[in-house]
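Letter by letter, the chains look like this.
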Amino acid sequence: MAGDEWVDALVPKIMEGMTACWACPVGLNTERGINLAGQKAVHQVVEDLVSVLFPGCHGYEPMPEHNLKEGMEDKLRRIAAELKDQVKQALQYQCTVEHDKDCSKCRDCQTKAEACVSGLFKALPAVQATLQEDIVAAYEGDPAAKSTMEVVMSYPGVYAIMVQRIAHVLYNAQVPLIPRIMSEYAHSRTGIDIHPGAQIGPGFFIDHGTGVVIGETCVIGKRVKLYQGVTLGALSFEKDAQGRLVKGTKRHPNVEDHVVIYAGATILGGETTIGAHSEIGGNVWLIHSVPPHSRVYNQQPRPLIRQAQGRDRSVNDYGDDLGQGI
Amino acid sequence: MAGDEWVDALVPKIMEGMTACWACPVGLNTERGINLAGQKAVHQVVEDLVSVLFPGCHGYEPMPEHNLKEGMEDKLRRIAAELKDQVKQALQYQCTVEHDKDCSKCRDCQTKAEACVSGLFKALPAVQATLQEDIVAAYEGDPAAKSTMEVVMSYPGVYAIMVQRIAHVLYNAQVPLIPRIMSEYAHSRTGIDIHPGAQIGPGFFIDHGTGVVIGETCVIGKRVKLYQGVTLGALSFEKDAQGRLVKGTKRHPNVEDHVVIYAGATILGGETTIGAHSEIGGNVWLIHSVPPHSRVYNQQPRPLIRQAQGRDRSVNDYGDDLGQGI
Amino acid sequence: MAGDEWVDALVPKIMEGMTACWACPVGLNTERGINLAGQKAVHQVVEDLVSVLFPGCHGYEPMPEHNLKEGMEDKLRRIAAELKDQVKQALQYQCTVEHDKDCSKCRDCQTKAEACVSGLFKALPAVQATLQEDIVAAYEGDPAAKSTMEVVMSYPGVYAIMVQRIAHVLYNAQVPLIPRIMSEYAHSRTGIDIHPGAQIGPGFFIDHGTGVVIGETCVIGKRVKLYQGVTLGALSFEKDAQGRLVKGTKRHPNVEDHVVIYAGATILGGETTIGAHSEIGGNVWLIHSVPPHSRVYNQQPRPLIRQAQGRDRSVNDYGDDLGQGI
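Chains as they are written, first to last, in my numbering: chain Z, 221 to 546; chain F, 221 to 546; chain X, 221 to 546.
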């Protein structure tokens with residue numbers, strides 16, 4: 221790059237502007253000597269954890285049967301070491317920057333980080349068992365699914381719930397930052413945005429999935445099935461006396477066992493409960509509770525049809541069967 | 221990692237729980253010695269095939285003109301070898317695990333795999349020619365498109381149909397697993413979920429595309445144009461006497477030549493046909509056929525407008541031009 | 221690969237078909253000796269620029285405080301050299317292929333490319349400052365956000381606007397191809413499709429974001445907030461005397477300061493202006509202007525509810541509070 225005078229002249233000036241900006245701390249990942257793991261390092265831990273749960277499925281190399289156990293033990297050790305560091309740094313960041321304490325010398329974050337990772341590891345077999353139920357639910361719930369292996373290797377809804385179930389364990393252990401980076405990694409890959417705080421029962425299946433949003437305080441029962449574009453969201457946000465949003469309240473719906481929610485439906489509010497065995501039709505907008513065994517659907521749509529050469533026909537000419545298809 | 225006692229204590233216990241889970245076969249990619257190619261290996265084949273169809277466009281390195289032909293021949297050879305292995309393993313998996321036979325020693329899967337890859341390669345020039353029509357359709361169909369090269373290098377709808385046209389050839393050859401992993405790779409990158417089974421004519425253009433779902437048994441004609449969030453889906457699922465979903469039936473719509481479907485429209489059902497030259501308006505919900513040259517749009521929406529200081533105005537104050545914009 | 225006779229027989233034939241197709245120039249990135257940078261090379265520049273704006277946040281390695289300044293200077297130099305080459309090639313492509321001139325020997329593209337990159341670099345501190353406002357808006361606008369660092373590291377809307385603000389500078393400098401490849405990279409990762417041409421004020425926040433589309437000629441004010449699935453699009457396309465779409469006209473809406481647009485709303489047309497401090501409800505379809513301080517929402521939805529055992533209840537049994545939740 222020698223001789224690139226225009227670059228030599230350019231860089232120092234820009235640096236001045238940029239470093240001046242560092243005075244304002246928003247989003248500077250080196251403040252007070254704390255270097256949080258980058259996004260991609262957290263993504264790598266997610267991929268490694270998934271590869272332990274489903275060996276050989278999501279990575280590049282197959283994992284040969286004869287040294288599967290050794291390979292997994294090695295991987296678990298590497299994950300433990302790496303994730304512990306990431307969690308420790310996240311805890312130190314929270315302690316130092318958010319709570320404004322000097323946490324650099326205490327061993328507290330270290331101890332907590334080990335406890336968090338141990339907790340996750342101990343939960344892994346149960347997470348794996350629950351995911352098996354999710355996979356079976358997907359296979360049984362989609363006529364296009366040819367085998368459970370196809371479900372594991374190509375269903376975005378299954379990938380999203382894999383990552384969420386892992387992130388949820390860390391969220392419950394009050395790990396900052398890491399669980400959200402994990403769930404956002406799944407969102408980025410699948411278009412499915414499930415907050416790590418959401419509580420979701422086994423046998424959960426999201427088909428297609430792009431555009432699904434599941435909020436932090438959702439509680440979802442067993443064998444629930446969603447389609448693309450479903451929102452389980454907040455109805456409105458509580459504000460405090462200063463007009464700031466109140467954080468941490470119950471804002472998102474409850475969905476009981478065996479509910480099916482079709483594409484594009486929107487269900488909002490922390491006091492909204494969808495009773496067990498209900499079906500919510502496509503594009504329905506619902507902001508209050510419905511009892512078990514309800515079928516909720518929009519009124520008959522009446523799209524107008526105009527044909528060429530001036531002939532207009534009302535939709536009734538095509539019969540009266542324009543339901544919501546649930 | 222020596223001295224990490226907490227890890228040494230942790231790992232063996234977790235392994236017990238995990239390997240116990242392997243007794244249940246769902247999603248274990250090492251069963252009976254078959255090691256399917258991992259997801260990422262299939263993704264690599266997709267990228268290599270795309271780089272042969274559009275040299276230098278989607279990868280990192282440019283592909284210099286002077287050794288373009290040699291470079292492509294090399295790449296085709298590598299793809300052939302790699303994809304043949306992947307297809308062979310997928311066929312063996314299907315034969316061994318799904319059909320419960322001993323397929324490890326027969327040459328049948330090997331022979332079939334070669335035939336599948338040969339078939340795909342022979343189809344590549346025709347696929348490329350069809351994609352050229354798709355690219356032209358995108359350029360002509362979007363006022364924001366500045367050049368066909370911009371379309372190739374930055375239009376997600378074009379990428380999604382590239383991958384689908386490749387995967388569709390393998391789907392027709394009854395290759396298990398691989399075509400769905402390929403199409404899901406495109407879904408992950410684009411938010412556009414086109415099943416490899418869908419039959420799609422030339423000059424196909426999806427603009428923006430996030431949230432589009434096109435089902436397995438769709439049949440789409442020539443010069444069709446879709447916008448983001450369009451679903452061409454199933455209306456309901458047939459069940460057998462045991463209450464299980466029937467797989468393999470015609471479940472998704474037909475869309476004839478020169479149809480335009482605007483953002484967020486939902487068209488459902490295997491008996492639904494959208495006649496040629498029709499326009500389907502944004503957010504329309506349609507579950508029955510319409511004849512050629514139809515214009516289908518929602519009835520005038522009547523959103524309410526409330527202004528500050530108690531003044532309420534009906535939407536009519538703003539005129540009566542609130543159509544669906546098709 | 222020696223001995224793979226089936227491959228040896230296969231490849232030359234395919235090559236014939238493929239190279240024949242090269243006669244038609246659509247999408248061939250080697251024409252007349254110009255080798256545009258591949259997609260992935262442009263993506264790398266985006267990641268490098270983001271890593272300069274938010275050191276250590278989005279990559280793999282942390283960026284230690286002690287050599288932060290040096291590391292950034294190095295990175296800026298590398299970006300400058302690489303991006304200059306990419307821009308130069310894009311200009312040469314435009315000049316040679318689109319305008320059909322011989323631009324290979326003139327220094328014009330070189331000089332312009334340096335000016336474009338200098339312009340972007342000089343704009344970086346201002347871009348960074350604006351992004352800080354975006355981050356604060358996200359933190360203040362979402363009850364689930366625990367810290368500004370969480371926002372930087374896991375909010376897709378923030379990532380999308382980062383990339384758009386960079387691409388917008390290059391778009392304004394009339395760089396072909398590169399800005400759209402950049403914004404499509406963000407679209408691919410986030411499901412948020414913001415055209416580099418859109419003019420967007422500071423304090424912009426998109427929550428969740430999947431399915432958002434913001435067109436080329438949108439003008440958006442300060443402190444605007446959008447949710448997932450919002451379209452700011454074109455109502456219809458002008459055609460010329462030959463029936464071809466007219467490119468470059470104002471086609472997309474204006475959104476004034478402090479507007480909130482809820483999930484799934486569609487706002488269309490170049491003459492549509494949403495007045496300051498307005499709220500647009502979920503799923504609203506709007507194709508005309510509304511004055512400042514408007515609240516626009518759909519009429520009360522009346523989904524029907526059918527319960528088990530023949531009991532039907534109208535929605536009114538559940539009260540009359542079925543608003544649009546804005």
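Mixed in with the good hints there might be a few duds.
One copy or two, it doesn't matter: identical chains are merged, so the pair holds either way.
[Unchecked claim] Derived lysine-lysine pairs resembling DSS-like cross-links, with alpha carbons at most 27 Å apart:
no.: 1; residue 1: Lys470; residue 2: Lys442
no.: 2; residue 1: Lys442; residue 2: Lys321
no.: 3; residue 1: Lys295; residue 2: Lys260
no.: 4; residue 1: Lys260; residue 2: Lys459
no.: 5; residue 1: Lys342; residue 2: Lys459
no.: 6; residue 1: Lys233; residue 2: Lys321
no.: 7; residue 1: Lys366; residue 2: Lys304
no.: 8; residue 1: Lys459; residue 2: Lys289
no.: 9; residue 1: Lys342; residue 2: Lys233
no.: 10; residue 1: Lys342; residue 2: Lys467
no.: 11; residue 1: Lys321; residue 2: Lys342
no.: 12; residue 1: Lys332; residue 2: Lys295
no.: 13; residue 1: Lys289; residue 2: Lys321
no.: 14; residue 1: Lys233; residue 2: Lys304
no.: 15; residue 1: Lys366; residue 2: Lys459
no.: 16; residue 1: Lys442; residue 2: Lys308
no.: 17; residue 1: Lys366; residue 2: Lys260
no.: 18; residue 1: Lys304; residue 2: Lys321
no.: 19; residue 1: Lys233; residue 2: Lys295
no.: 20; residue 1: Lys459; residue 2: Lys442
no.: 21; residue 1: Lys342; residue 2: Lys332
no.: 22; residue 1: Lys304; residue 2: Lys342
no.: 23; residue 1: Lys233; residue 2: Lys467
no.: 24; residue 1: Lys332; residue 2: Lys308
Calculated from the structure, these hints are not laboratory results.
Note that the structure is predicted; figures quoted are calculated from it, not measured.
A quick look at each hint next to the structure:
1. In this assembly of identical chains, the alpha carbons of lysine 470 and lysine 442 lie at most 27 Å apart only when taken from the same copy (20 Å versus 30 Å across copies).
2. For the homomeric pair lysine 442 and lysine 321, neither the shortest alpha-carbon distance inside one copy (43 Å) nor that between copies (35 Å) is at most 27 Å.
3. Both within a single protomer and between protomers do lysine 295 and lysine 260 lie at most 27 Å apart by alpha-carbon distance, with minima of 18 Å and 18 Å respectively.
4. Taking the shortest alpha-carbon separations for lysine 260 and lysine 459, neither the intra-copy value of 35 Å nor the inter-copy value of 44 Å comes in at or below 27 Å.
5. Taking CA atoms no more than 27 Å apart as the test, lysine 342 paired with lysine 459 passes in neither setting, with 39 Å inside one copy and 40 Å between copies.
6. Taking the closest pair of Cα atoms, lysine 233 and lysine 321 never come within 27 Å of each other, the shortest separation being 34 Å inside a single copy and 37 Å across copies.
7. In this homomeric assembly, lysine 366 and lysine 304 come within 27 Å of each other (Cα to Cα) only across copies, at 21 Å, whereas the closest approach inside a single copy is 39 Å.
8. In the homo-oligomer, the alpha carbons of lysine 459 and lysine 289 never lie at most 27 Å apart, since the shortest distance is 52 Å inside one protomer and 41 Å across protomers.
9. In this assembly of identical chains, the alpha carbons of lysine 342 and lysine 233 lie at most 27 Å apart only when taken from different copies (8 Å versus 52 Å within one copy).
10. When the C-alpha separation of lysine 342 and lysine 467 is checked against a cutoff of 27 Å, the pair qualifies neither within a copy, at 30 Å, nor between copies, at 38 Å.
11. In the homo-oligomer, the alpha carbons of lysine 321 and lysine 342 never lie at most 27 Å apart, since the shortest distance is 31 Å inside one protomer and 37 Å across protomers.
12. Within a single copy, lysine 332 and lysine 295 get their C-alpha atoms as close as 22 Å, which meets the 27 Å cut-off; across copies the closest is 36 Å, which misses it.
13. Within a single copy, lysine 289 and lysine 321 get their C-alpha atoms only as close as 43 Å, which misses the 27 Å cut-off; across copies the closest is 26 Å, which meets it.
14. Only between protomers do lysine 233 and lysine 304 lie at most 27 Å apart by alpha-carbon distance; the minimum there is 18 Å, versus 39 Å within a single protomer.
15. Proximity of lysine 366 to lysine 459 under the C-alpha cut-off of 27 Å is restricted to the inter-copy arrangement: shortest distance 16 Å between copies versus 49 Å within a copy.
16. Proximity of lysine 442 and lysine 308 under a CA criterion of 27 Å is satisfied in neither setting, with 34 Å inside one chain copy and 38 Å between copies.
17. For the identical chains of this complex, lysine 366 and lysine 260 are inter-copy neighbours only, at 20 Å across copies versus 33 Å inside a copy, given an alpha-carbon limit of 27 Å.
18. For the identical chains of this complex, lysine 304 and lysine 321 are intra-copy neighbours only, at 21 Å inside a copy versus 45 Å across copies, given an alpha-carbon limit of 27 Å.
19. Taking the shortest Cα distances, lysine 233 and lysine 295 sit within 27 Å of each other only across copies (14 Å), while inside one copy they are farther apart (46 Å).
20. For a Cα distance limit of 27 Å, the shortest separation of lysine 459 from lysine 442 across copies, 21 Å, qualifies, whereas the shortest one inside one copy, 33 Å, does not.
21. For the identical chains of this complex, lysine 342 and lysine 332 are intra-copy neighbours only, at 15 Å inside a copy versus 44 Å across copies, given an alpha-carbon limit of 27 Å.
22. Taking the shortest alpha-carbon separations for lysine 304 and lysine 342, only the intra-copy value of 14 Å comes in at or below 27 Å, while the best inter-copy value is 40 Å.
23. In this assembly of identical chains, the alpha carbons of lysine 233 and lysine 467 never lie at most 27 Å apart, being 41 Å within a copy and 38 Å across copies at closest.
24. Within a single copy, lysine 332 and lysine 308 get their C-alpha atoms as close as 8 Å, which meets the 27 Å cut-off; across copies the closest is 48 Å, which misses it.
Of the numbered hints listed earlier, those contradicted by the structure are 2, 4, 5, 6, 8, 10, 11, 16, 23.
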